[in-house]
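These protein sequence lines are chains A and B, in that order.
All residue numbers for the first sequence refer to the numbering used here, where the first residue is 742 and numbers rise by one.
All residue numbers for the second sequence refer to the numbering used here, where the first residue is 396 and numbers rise by one.
These aren't lab readings, by the way, just hints derived from the structure by calculation.
Hints are not guaranteed to be accurate.
[Claimed, not checked] Listed below are the simulated SDA-like cross-link pairs for lysine to any residue, each with C-alpha atoms no more than 25 Å apart in a straight line:
1. B:K607 <-> A:E1307
2. B:K826 <-> A:N1037
3. B:K795 <-> B:Q852
4. A:K1697 <-> A:N1007
5. B:K443 <-> A:N1037
6. B:K443 <-> A:S1412
7. A:K1182 <-> B:Y486
[Unchecked claim] Some residues of chain A that are not near chain B, with every Cβ distance over 10 Å (derived):
8. T775
9. N836
10. N1007
11. V1117
12. W1365
13. P1417
14. T1474
15. T1531
16. T1659
17. S1685
On a predicted model such as this, the values are computed, not experimentally measured, just so you know.
Note that CB positions come from ideal geometry on N, CA and C, so glycine has one too.
For reference, the chains in residue letters:
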Amino acid sequence: MKNNYRHSLALALCFALLLSYNSPIFSQNLPQKTISGTITDADGPLSGVNVLVKNTARGSISDLEGRYALTATEKDTLVFTYLGYKTQERVIANNSFLNIVMQLNETSLDQVVINAGYYKISDKEKTGSIARITATEIENQPISNPLAAMQGRLAGVNIIQNTGVPGGGFTVRIRGRNSIRADGSEPLYIVDGVPYPSQSLGSSFVSTVLGAPQSPLNGINPDNIASIEVLKDADATAIYGSRGANGVVLITTKQGTSGKTTLSLNTSTGVGQLTRRMDLLNTQEYLAMRREAFANDGITEYPFNEYDINGTWDQSRYTDWQEELLGHTAYFNDYGLSLTGGNENTRYLLRASHQKQTTVFPGNFNYKKYGALATVTHNAADDRLFVSFTANYVADENDLPTTAFITPALNLAPNAPALYDENGEVNWEDGTFFNPIAQLKAKYLSNSSTLLGSSTISYQLFKGFNLKTNLGYNEIHLEESRTSPNTIYNPAYGLDSSYSSISVNTSSRKSWIVEPQIEYNTQMGDLEIAALVGTTFQNENSNGLLQYAGNFTSNALIYNLASAAEREVLASTDDVYRYNAVYGRLNFNWNKKYILNLTGRRDGSSRFGADTRFANFGAVGAAWLFGEEKFIKENVTFLSFGKIRGSYGTSGNDQIGNYGYLDTYIGSGLSYQGIPTLQPTQLYNPNFGWETNRKLELALELGLFKNSFDISGAYYRNRSSSQLVGIPLPGTTGFPTLTGNLDATVQNTGWEFEFDAKLLNNDNLNWTAKAQLTIPRNELISFPNLESSTYSNRFVIGQPLDIALLYHYSGVDPQTGLYTFQDFDGDGNITSPNDAKQATKVGVDYYGGITNSVSYKNFSLDFLLQYVKQTGYNYLYTSALAGTMANQPTAVLDHWEQPGDGGFTQMYSAGYSDAAYTAYGNLLNSDAVVSDASYLRLRNISLSYNLPIQATLGAKCRLYVLAQNLFTITDFLGMDPETQSLDQLPPLRVINAGLEINI
Amino acid sequence: MKTITIKRYATVLLWGLFIFLSSSCEDFLEVDTPNYLLSGETIFTDTKTVEAAMVGIYAQLRNNVLLTGNPQGLSVLLGTYTDELDYYSPYPLPEEPFHKNTLLATNPTVAEVWNGCYNQIYAANAILEGVADSIYFTPDEIASFKGEALFIRALIHFYLVNIYGDIPYITTTNYHINKNVEREAKEIIYAKIISDLEEARQLLPATDLSGKKVRPYQAVATALLARVQLYAENWEQASQLATLVIDETPWESDPTNVFLKESPSILWQFQPEFEGQNTFEAQNFIFEAAPPPARALTTTLMDAFEPGDLRKDLWTGAVTDGSQTFYYPYKYQHRAGEPFNAEYSVVLRLAELYLVRAEANANLGNLSAAASDINKIRERAGLSPTTATAQETLLNAVLKERRVELFTEHGHRFFDLKRTANLDGTLISSKPNWNTTDRLFPIPEKELLLNPALNPQNPGY
C-alpha cells in the first residue's frame, strides 16, 4: 500500500523537477511590456471581454469600464473574445495602448470556446458532441442544485427532479439508459478537472423524507458556476475511458477578472408552493363510497375499527388534507457577495453566498446553504508558467420532518378528526386516529460540508510544448440523523422514552487526483497538430458509520448517543477505490476545414478482480467544415457556416460497488450473547469486468443568413454490451443479486435537433430564440438465453428496457362489476407470468425545451418552456382499493354500481371481498397503471431591469423577478407528471424577486 | 538541429512516462480487503469468527421474520391470519391483508418471509461448508457448529413447508444450483428435515453450554424432531422423542414463572440484544388504552378459556374503555426501560412436549397416558382433570389445550388446525373471507418469475 503512495509522490516530484528545469535552449527572451486599453461596443464600455495572449494561457478580462491591462512582448498577438461579438486579433508591435471596438457578431459559433475536459476547443472546430449552458442561464433560476439548472436546456440530456423537498436528488440520463441495472447509468461529474463522486454518502435509512440518499451535487453552489458542459458522444467521452459511458458533465467554476476591483452584491427573496394538487372526494362523496363498499361486501354492521363510517368520527367534518399538510408557503432567501480584481498576471475571485428555504409542510423546517469560493490565477511574467488555484467550500444544513406527508395528504379520510385538540396537543381522537402530525415530532437533520480544491500548473518548456499537472482534492463530510421519539406512537401503546430512538449516519469521503500531462501544439504549413498525453492517479477513501441508539431516559437527550441505554453500530465501512489511467489525444486540423481527432485511454480500476482490471478505450472523430469550401461560399451564399462531423469509439462503465469480487462477511451491527455478529454480505463473482459502450454519431451543423439561424441535427447510436449488472437471483440462493457481466446488448439511438435564431437585433430590441428536441429510442438488441435467464419476465428483445410486462386491462365486467384482464394463456385465471404479457412502455418518446430571450433597452425577459412526451405510472399504481378507508381522486366516482354498468372503477369494496381485492391487486399489475404523463411546463421565466444609473453612480444595478415551474399543462392522472410518485413531493412553483448591485 | 533536440527530448520524456506508468499501475490498483469486511476464507480459520457468524443467525432469527416477536413474525402474521388476533389499526399495517385473508402473490410480507428464510439457510449452509474437513478446529468444535447449522436448516425448512407447501430444500451455497431448484413434495422435505435433525442430535452438545438456553443443544433438536414426527403422524417416534425431553427437563409448576428467562422448563429462547430491552413480544402486544392501537386477542380465543383458567388471568391483559374490554397477550410482561432483562423470547418449551406426547399417545390408543399428560398442563392452569376419555374426545382436548396454552407463539393455532384438517371448519365462521386455498401462502410472484422451475403457483393465487 505505502509503496503506491511513494510512486505517486515520486511522480509529482519528477514533474516539479521538470518544471524547475529551465534550459537556455528553449527560452526566447524578448522584453515584456505592459499593454492596456479600453474595450467598447456600440453602446459604450464592454466589461467581461476576454483578452488573451495568443498561444498562451495568459490573459485578462475587461472591467466594468471596459479597461484591461496585461504584459506581453512585441511579437505577441492579443485576442479579444466576447460571446456574441466578433473575435479580434491585434499584433502588439510598438503599441502600449490598444483600444478595441467590438463588433456584434453574426457568427458567434467560432468564438465560443468549449471545455472538453482535458483540452479546450472552439465550438466551430469541435468534432464531438458537447452541449453547454453558461452562468447567464444558471443565474436566472432560483435553484440550489446545479442539476436543476440543466433541466430542459440541453439536447440529449434528460433530468428528472425526484422530489420537491430541499436537498433531494435528481435522475440524470444522458442519451438514455445504457445499463440494465437501474442505478448504473449515472454520468461522470468533473468539477474544475476533479472527478466529483456522484454516489451519495447519505443513507436512505436515515433520509427517509427525501425518498433517496441526499444529492451529493448539493455540494456545488450553482451561483459559482461559469459553465456546464455535457460530453455525449465517443469523441468527447473516450478520453474519460471507463467512466465516460454514460456521458460526462463538466462543471467549471467562475474565475476572477482583472482590472478595477469589483464588488458585487446579490440578494433575492421568494415564495414556493405546490405545483399541482389532485382532485379528491369530499366528505359526502367519500362516505357514500364507503357505505356502498360495505353494502357490496355484504357487511351490514360496520366493523369496530372503521372509525370514519361506524359513527366514531364526526361525519360532517371536512378537511382538505392537501391544503393542511402540503399547502403551506415555502420562503426562499438568497444572498451573494463577490469580489474580483487583479492585474494582468494575477487575478482573483472571492465569493460568499447564503441560501435559505423553508418547506410547504406544517411546522418550522428549513434548508440552509453557505458557500464560499476562492480562485486565483497567476501567470508568470515570462509567460511560461501558469498556475491556478480554486477552493470551493459549501456547507448545508437541512432540517426536515422524516416524511413528506404526501400519503396522508392524499389518503386521509376527509372526515378524519382535527390534527390538534383544543389544548394544541396532537389529537389521537382516543387512539382512533393515526395522526400524521405526530410525525412532526420526528426529525431529519443533516449537516454536510464539501471542500473542493483544484489546481493547475502548466509550464511551457518550449514553444508549443507544455507540461501540465492537474491536482485535485475533495473532501465531503456528512452527518445526518433521524429521530423516532416515543411521542410519534399512539399513546395507547403506553410507550415511554425507552422506545425513543435515533439513527445517525456519519460519513466522509476524501479523494485526491494527480494528472500529469504533456501538451504539444505545432503547425506544419496548413496542418495544425495538437497532441496531449497524460496519466491519472486517483484514490478515493470513503468512510461510513451508521449508528442506532435507543432507550433514552428522556427525549430531551435524544441527540446525545451516550445517554442511550441501547447502542448499535449498523454499519461501519471504510472503502478504498483506486483508479489509474493513461490517455492521449491527437488532433489534426488541415486548413481549418478538415479535422481529425483521435483519443484513447487505458484504464484500471480497483473495483475489478486482478484478471479483468485493465481495459482500453478509444475514439476517432472527424469534421468537415464544408461551409469554408470555395464552391459553397460562392454558390450557396445564404449558408454562412456548414459542418459535417462524425465519431465512433468506445467508453466504459465501472459503476458497481467496491469489492464485488470478494467473498466476504460483514459485522451486521447486531449482537447475540454479547457477541457482535457476522453475516455473509453477498454472492461473489471473481470474474466480472468492464462494461463497454460503443458510440456512433453523425451530425450536421448549419449557420444560415450570416448565422442568424443556426441549425444542427445529430444522430447517435450507443451500444452497451458486457452489461455489468446485479443479476437478479431467486431468493432460494440466499441473496437477491449477483454482480456480473451479462452478455446482453442495449442500444440507444436518437435524434437531437437544435435550432437557434437571432430574430431581432437592433439598438433597442434584441430577441433570440432557441429550441431543442431529442427523440430517443432504447432497445434491447440481444440477450442470449433470455428465456432461461432470471430476466425472462422483465425484458423482451427488440423492446426498450423501460418496459413493464403487465396484465392487459380490459375494462370493468358489466356483470360482476370487477376489473377484467386479457387471459393470454386462456386457462381461465389471471396469473403471472403467463398472463402478464402486455409489454408496456414506461418512458420518454421525445423531449426538449424552447428558450426565448428578449431584451428591450434596460429590460430583459427570458423563459424556458420544457416539454416531455412520455408515459408513466399514474396514481393507480400506488392507489388503495376504492372503498377502503382511504380517500380517492374524484375519478373513482365513475364506477360500477349494478349489473349492466361499466365505469372507470370497479365496484367499491371495503377490502372484505376476496374477489374485489384480487381484481384490484391485478389492476396494480396491469397496463391500466401506465398512462400518458406528457407535460408542458414553464420551467423558468425571468424578467430583469438594469437601472440606468451606471453613468451617474459608477455602479450597475439590476432588479429581477424569477419564477420556476410557473405552470404545467398535462393530462397526467396523478399528482405530478415529472416525479410520478405518490410518496414524493413534486417540484415546487417558486417565485423570486431580487436585486444585484455591482460596484 | 534545434528541433531534433526538442523531438528527442520529448520522445525520451514520453517513453519515460510510459515505463514509469507500466511499472506502477498494477501495484497502485491492488487494494486490500477493507477492515470492515472479512473474507470467507479468513472466517473459517478461527473459532471466534465462526462463532460470530453462527450467532449472527440467531440474531437474525430473533429480529427478522418467522420466529421474531416483531409484527413480521409468525406470532402476529399467523395469529391474525387465523382466529387468535383481531386487527384494529386505523393505519394500514403489513398484517392487514393477513387478517382479511386477502393475500396476493405480490404481497411484500410474503416475499420478505420467503427471502429472509432462505437467506438464513444460506448462512447455515455457509457454516456447514466452511467448517467441513477444516484443519483449524477440533472435532468437537466442528461437531457443535455442524449440529447447530443442521438444526437451523431443518427448523427453517420445517416452517417453510408448513406455510408454503412444497418447497425446495437448500443444502448448498452454490448459486448455480440454487437458482434453478425445483419444489419437492412435502414427504421428501419431511424426510430431509428428519434426517438433518437426527444428525444434529448426534452432533450437538448433550447439555446447554450457553447457561441461558440461548443456543440449541441435544434436547432442543430432540424437541423439534418430536414436533416434526407429530406433524408427520409418526406417533410412536413423536411420543418417544417427547419422553426423552420430558425426562431430562424439570417442570415449572408456577404459571407466573413460565416465561421468565430462568424458568427450568424453557428449552430454547432468544436473548435480547441489550440488557433491559426485554422482548419484542411485550413491545408489540401490550397496550394501555382502548381501542387497541394495532391488534388484540379475539373474543373467540378469550371464550375458549375455561372458567378459572389461570392462564386467562396471568397470560392475558385487559383494557376497558368503559363499554368494551379488549385483551392482549401478556405472556411477556416486561418491556424496555427496565434495568435487566426479566424475559427472553421463548422458542421451545416443555409444555408443548407434554401435548405432543398426549396427542401421539391418544392416536396410538394409550388413552390414559394421553389424559395424564393433558392433566399435567391443566393442573398448572388451575383446572380440574380432563373429562375426556375416548380417543376422539382426548384428541379434541389436546387441540383445545394447545390453543389456550400456546396462543400467539409462532403460529401453533394455524399449524394445528391445518394438520388436523380443521382449518375450514373452524375459520369459515369467524373469517368471512376464508377460502380452502388459504391453507397455503402464495409463492412470492417474483420468485416464480425469477425461477420458473418453482411453478406452478399454489392453488387459489
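Q.
So, against the hints stated earlier in the document, which numbers end up violated here?
A. 3, 5, 13, 14, 15, 16
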